[in-house]
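Per the working numbering, residue 1 is the first one in the first sequence, and the count goes up by one each step.
Please keep in mind that the hints were generated in silico from the structure rather than gathered at the bench. Don't take each hint at face value.
[Unchecked claim] With a straight-line Cα cutoff of 30 Å, these simulated DSSO-like cross-link-like pairs (lysine-lysine) come out:
no. : residue 1 : residue 2
1   : K13       : K263
2   : K190      : K162
3   : K393      : K445
4   : K97       : K82
5   : K74       : K281
6   : K82       : K284
7   : K74       : K190
8   : K13       : K56
9   : K263      : K21
10  : K263      : K56
11  : K284      : K326
12  : K162      : K263
13  : K263      : K190
14  : K13       : K281
15  : K74       : K97
16  : K74       : K284
17  : K326      : K393
18  : K281      : K326
19  : K21       : K56
[Said to hold, decoys possible] Pairwise CB distance ranges, derived in the manner of DEER restraints:
no. : residue 1 : residue 2 : range
20  : E467      : A435      : 12 to 22 Å
21  : G59       : Q379      : 13 to 23 Å
22  : F289      : Q81       : 20 to 30 Å
Beta carbons: idealized from backbone N, C-alpha and C, even for Gly.
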Amino acid sequence: MSLQFFSTLTRQKEEFVPIEKGRVRLYTCGPTVYNYAHIGNFRTYLFEDLLRRYLKFRGYQVTQVMNITDVEDKIIRTAAQKGIELFQGAAENLPEKIPLDEITDPFIQAFHEDRHTLRIEDAEHYPRATRYIPQMVSLIQRIIDQGVCYESDGSIYFSIQKFPHYGCLSGHRIDEMKAGARVDQDEYEKEDARDFVLWKGRREGEAYWQTALGEGRPGWHIECSAMSMELLGETFDIHCGGEDNIFPHHENEIAQSECATQKRFVNYWLHSRHLMVEGRKMAKSEGNFFTLRDLVERGFDPVTIRFALLRQHYRDSLNFTFDGLKAAGEERRRWTDLLLRLDEIQGSEAAPLPSTRDLVQDIEDRLIAAMDDDLNTPQAVACLHDLTTQANKRIDSGDLARGDAGLIREVFARWENVFGVIIEDRGVLDSEIEALIEERISSRKAKNFKRSDEIRDHLQAIGIILEDTPQGPAGSARPDTFPVILSSASAKRLRTEVIQLSGSPCHQVQQPSQWPGVFERYCRRPDPIHTLQPCV
RNA sequence: GGCGACGUGGCCAAGUGGUAAGGCAGGGGCCUGCAAAGCCCUUAUCCCCGGUUCGAAUCCGGGCGUCGCCUCCA
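Could you build the full structure based on these sequences and the hints that come with them?
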């Protein structure tokens with residue numbers, strides 16, 4: 001089977017054929033930087049990251065653009081409130097920094113930090129709207145040349161009646177779109193309430209650029225058209241975003257772009273559905289609004305958050321719950337535990353058994369089939385669980401040699417490149433803890449179970465779980481906490497893998513009233529008397 | 001009001017015509033000094049009604065319910 005995506009444009013799955021063989025040009029709508037991104041935003045960015053990673057896995061060279069919207073109403077309003085000097089200047093000749101950057105730079109930086117926290121890969125380009133004003137102006141001029149625009153009070157509007165395909169993406173038909181009160185909220189003067197603005201004429205108290213179009217600033221939609229064309233060409237392969245962007249944003253992008261170029265704008269439109277929290281739309285007024293930072297601060301493992309947001313299909317609405325997070329952590333723990341078990345397999349480096357090769361081949365075939373089918377992550381995850389059960393079974397029965405273990409490890413390593421949720425970062429075991437582990441081993445040998453249980457309980461209280469195996473103690477990750485897997489040389493000598501938690505004590509965390517009991521169940525253990533050194 | 005999506009076991013969730021993947025949680029068992037982990041066993045006829053078909057969770061019609069967009073909210 002071939003790689004297929006569900007295209008919003010045709011509302012069906014289509015085989016993916018890139019414009020240029022072996023290469024994908026991908027545009028993803030990025031953040032508006034007036035605040036920290038919330039987990040709903042990140043659901044979309046994670047979907048796009050998965051898409052990017054899988055395309056690479058499938059051998060494509062990916063050129064991804066993610067725009068940064070750093071000029072729009074809220075930013076300008078914030079700047080005005082803060083008394084930041086509003087700028088003016090020729091669009092062609094702007095200084096390195098503009099006053100609005102004072103508002104947006106910190107949030108751009110925070111966005112990239114959050115991205116890294118969630119293991120979202122770097123895109124090739126992160127264009128900022130304010131740096132592409134000249135391109136927007138010339139694009140608007142091309143659209144004007146097509147005779148589909150009109151000017152009113154210094155602003156330039158696109159007349160949707162003049163674009164016959166208007167509505168093709170969203171399914172809205174122009175004659176059915178009511179010019180109701182809600183549509184007509186724009187303060188600017190439009191001939192038809194449904195028209196959209198390409199260029200906003202200068203208004204008192206707002207930032208503006210001096211351009212061939214006059215003084216003003218760009219409308220919302222034009223930045224994506226201008227920047228995508230500049231960096232990816234006038235027709236490119238895939239354009240993504242959240243479902244709320246289908247209308248009007250992407251609909252308008254198509255209209256303005258295809259009018260300007262008289263070419264197809266985008267071949268595949270992919271949209272992710274929204275995230276809900278505990279069954280409700282996430283909203284500040286509901287008290288269920290979370291930024292990534294909120295959750296990390298409260299002790300949730302960001303990689304588990306990544307997994308919780310990725311393991312459900314991107315085109316289904318996702319109900320983000322704390323029970324779901326916990327389950328996601330358990331699923332990940334199965335994998336990390338298995339990898340630890342595989343590491344412990346001793347013996348000769350014999351060639352893998354044919355049955356192991358068959359197993360691995362079957363799993364990988366199914367994984368590819370699942371992901372080829374419009375990124376069917378739930379099915380792919382099930383494949384990894386199947387492999388996990390099979391591998392555990394073979395370890396238990398003792399017919400897994402190091403060569404077999406290596407083969408299975410390779411599968412996880414390969415698919416880790418796609419999912420980014422399997423492999424843990426490892427640190428180094430604290431010497432005080434090592435001493436306790438050694439003491440427990442000797443206690444057990446001496447059948448002093450009171451003392452050995454005491455030590456195990458103590459370690460568990462600070463977030464280290466010891467599990468005894470026939471070969472000696474081993475460790476596993478706590479699903480509900482922040483695991484830092486520690487594996488020092490001496491730990492290995494003891495055949496021990498230990499996990500320690502890092503971070504702040506839970507009693508410092510404020511419990512939110514809307515979820516009584518949440519933190520008893522999910523917060524980090526009150527630690528941290530032991531300092532961890534990250535291992536390279 | 002217009003457009004669209006969805007409704008599968010306690011929870012999450014695959015499966016789009018041939019008699020229900022996987023995970024979490026729960027129960028039982030093996031293993032263990034006790035645990036933990038792992039393994040084994042264990043819970044559904046797929047919102048309701050009608051239709052098409054030899055046969056439907058899967059197609060069609062109706063109903064109920066949930067959600068999204070129609071507002072510069074991913």
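Evaluation of the provided hints:
Pair hint K13 plus K263 holds up; C-alpha atoms about 23 Å apart against a cutoff of 30 Å. With a C-alpha separation of about 15 Å, the suggested pairing of K190 with K162 holds against the 30 Å cut-off. Proximity of K393 to K445 is assessed by CA-CA distance (about 28 Å); at most 30 Å being required, the pair is judged to hold. Taking the CA atoms of K97 and K82, the gap is near 18 Å; set against the 30 Å cutoff, the hint holds.
At most 30 Å may separate the alpha-carbon atoms for a hinted pair to count; K74 and K281 meet this at roughly 22 Å. In summary, the hint linking K82 to K284 is supported, as the alpha carbons are separated by about 22 Å, within the 30 Å threshold. Between the alpha carbons of K74 and K190 the distance comes to roughly 21 Å, so the proposed pair stays at or under 30 Å and holds. Our distance criterion of 30 Å between C-alpha atoms is met by K13 and K56, whose separation comes to about 20 Å.
Restraint check for K263 and K21: the C-alpha separation of about 20 Å stays at or below 30 Å, so the hint holds. Between K263 and K56, the direct Cα distance comes to roughly 27 Å. Compliance with the 30 Å bound is thereby established for this hinted pair. Note on K284 and K326: the hinted pairing holds, with a Cα-Cα distance of about 23 Å set against a maximum of 30 Å. Annotation: proposed proximity of K162 to K263 holds, straight-line Cα distance about 16 Å (limit 30 Å).
Taking the CA atoms of K263 and K190, the gap is near 27 Å; set against the 30 Å cutoff, the hint holds. Distance check on the hinted pair: K13 and K281 sit about 28 Å apart at the alpha-carbon level, within 30 Å; holds. At roughly 19 Å between alpha-carbon atoms, K74 and K97 fall within 30 Å of each other, so this suggested pair holds. Between K74 and K284, the direct Cα distance comes to roughly 17 Å. Compliance with the 30 Å bound is thereby established for this hinted pair.
A distance of roughly 25 Å separates the Cα atoms of K326 and K393; the hinted pair therefore holds under the 30 Å criterion. Distance restraint check for K281 and K326: the Cα-Cα separation of roughly 20 Å lies within the 30 Å cut-off, and the hinted pair is therefore satisfied. This hinted pair checks out: K21 and K56 have alpha carbons roughly 13 Å apart, not beyond 30 Å. In this structure, E467 and A435 meet the distance hint of 12 to 22 Å, their C-beta atoms being roughly 19 Å apart.
The hint said 13 to 23 Å for the Cβ distance between G59 and Q379, and at roughly 21 Å that hint holds. Evaluation of the 20 to 30 Å hint for F289 and Q81 yields a pass: the beta carbon distance comes to about 21 Å.
Comparing the model with each numbered hint stated earlier shows that all of them hold.
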